[in-house]
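Residue numbers for the sequence shown follow the working numbering, so the first one is 1 and each next one is one higher.
Since the hints were derived computationally from the structure, they do not count as laboratory data. One or more hints might be untrue.
To be verified - 20 Å max Cα-Cα, derived PhoX-like pairs, lysine-lysine:
| id | residue 1 | residue 2 |
| --- | --- | --- |
| 1 | 242 | 166 |
| 2 | 286 | 250 |
| 3 | 81 | 286 |
| 4 | 166 | 489 |
| 5 | 250 | 282 |
| 6 | 103 | 81 |
| 7 | 100 | 290 |
| 8 | 103 | 242 |
| 9 | 430 | 166 |
| 10 | 81 | 100 |
All figures in this text were calculated on a predicted structure; none of them were measured in a lab.
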Amino acid sequence: MQLFAEGWAYLMANPMSFVYMTGGILMGIIFGCIPGLTAVLGVTLMIPFTYAMSAAEGLSTLIGIYVGGISGGLISACLLKIPGTSASLVTTWDGYPMVKRGKPEAALSLGVFASLIGGTFSAIVLATIAPQLSKVTLKFGHWEYFALIFFSICVVLSMVSSSGAKGGIGLFFGMAIGSVGIDQVTGVNRLMFGQWQLSSGIGLTAFLMGLFAISEVLSQSGELSGLRITTRVRRVPFIPPKDERDEMWKGITIGSLLGTFTGILPAVGQDTATVLAYNQTKTMSKHPEKFGTGYAAGIAASESSNNAVNGGALIPLCCLGIPGDNVTAALIGGLMIHGLQPGPMLAVDAPEVIGCIMLVYFLANIVMYLMETGLMNIFVQMIRIPKSLLFPAILVCCVLGVYAINNRIFEVLVMVVSGIVAYFLLNYFKLDLIAILLGYLLGPLLETYLRTAMIADQGNLLAFTQHPIALGLIVAAVIVLAGQAFFRKSRRKKLLR
């Protein structure tokens, strides 16, 4: 309650935060409903523009885009059978068949309502768990922080890539990028190759924009034709039709629970949560044969779970400084640009920020529901905009946003080079961008905590064995890596049979 009070006071001292949040939700829904423009792209694109805002205004904007972007994907998923974001892929399985049955308004209403319930449930869990988890992590020392980051990296690597080697390559590539510049401990130049502009390292915003925005535009530039909608959509009701309500509640309940729990696990994300929720709902249903034919429970399970992941993913972000999914990985950049370091000390150094995140996320789900339902016909028209008009505008915003931060054309060059390299790594070498980003963000922290701990223990690398929490986390990390390697080996043997 104290965090809520401090967060509310912080927001009231920055009343424009509510306006920016509403604008962020609007932008997020637009980015979510247009195939190819994802919530990650929306958040990344907006980060440099939050530099001139206060921390409350910037966070309100980014969280609004996050909430709107994940939910907005259901519009094209239902109407075109093309998910606006990967989080809405499972929604196409029942959303599009329901539209084909002549119920587009019911499908859209079900999706938005399920998004509201899933997001609100995870907001309650966020407010309940995050403060308690922060208290526990305050007891951590240098070895505990090192072990926690090491464990998180191992968990993420075991989940984000089908190949352990490719995940490891992406991780070390990101760590190398994060190591560029002057070493903060020794003052030695590292990986600068004689370029003094790199003395302060690779800029976070420029790297993020290149990694997600530029590479995405390059990846989709081969298909610039617009999409066409033939289905006519009338006014979408705020409450789903009565004949669909009884079927949806089981899907909403299972989706909200599984989505929130999945979101807490680092880097698992919406894609896994929606599949788990859909399959579990189908297993527990009395009519499993109806799934895939336009069944309300299928839409409800998918949309409640992918939105519940949002609140769950904010828990490790706020308490541990570890991203729960791709969007929260980008949100770390939004916090850092305002001088805020995500992690256990954030609740001590800036408790009003934690309270602000909780309140804004809760309010954003309500505003998203009202806006998306009330303005559905406008969002439907957005799908008709061709990418040949959208992508040039996105590129202009990227260049202006990165240049405006430090007024350095070198930052723009970094963004362009990062985008081109990310494009080839993703499309030709099949490396995971989240592994690269994880190495860039957490690699320097891992190094800093390890070096600090060893200095404190006079270079004794085995000193972590005297810290039970650190020892437990490192053992758990080794078990995770070994278990994943065994699983991949077993799967390869089955494929060869």
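Structure-based check of each hint:
About 49 Å separates the Cα atoms of residue 242 and residue 166, which puts this hinted pair outside 20 Å; it is violated. For the suggested pair residue 286 and residue 250, the alpha carbons sit about 11 Å apart, so the restraint of at most 20 Å is met. Of the pairs offered as hints, the one joining residue 81 and residue 286 is violated, with about 26 Å between alpha carbons and a cut-off of 20 Å exceeded. Our distance criterion of 20 Å between C-alpha atoms is met by residue 166 and residue 489, whose separation comes to about 15 Å.
The hinted pair formed by residue 250 and residue 282 meets the criterion: a straight-line CA distance of about 10 Å does not exceed 20 Å. Proximity of residue 103 to residue 81 is assessed by CA-CA distance (about 14 Å); at most 20 Å being required, the pair is judged to hold. A distance of roughly 15 Å separates the Cα atoms of residue 100 and residue 290; the hinted pair therefore holds under the 20 Å criterion. Straight-line distance between C-alpha atoms of residue 103 and residue 242 comes to about 13 Å, which keeps the hinted pair within the 20 Å bound.
Distance restraint check for residue 430 and residue 166: the Cα-Cα separation of roughly 8 Å lies within the 20 Å cut-off, and the hinted pair is therefore satisfied. For the given pair, residue 81 sits about 10 Å from residue 100 by alpha-carbon distance, which is consistent with the 20 Å threshold.
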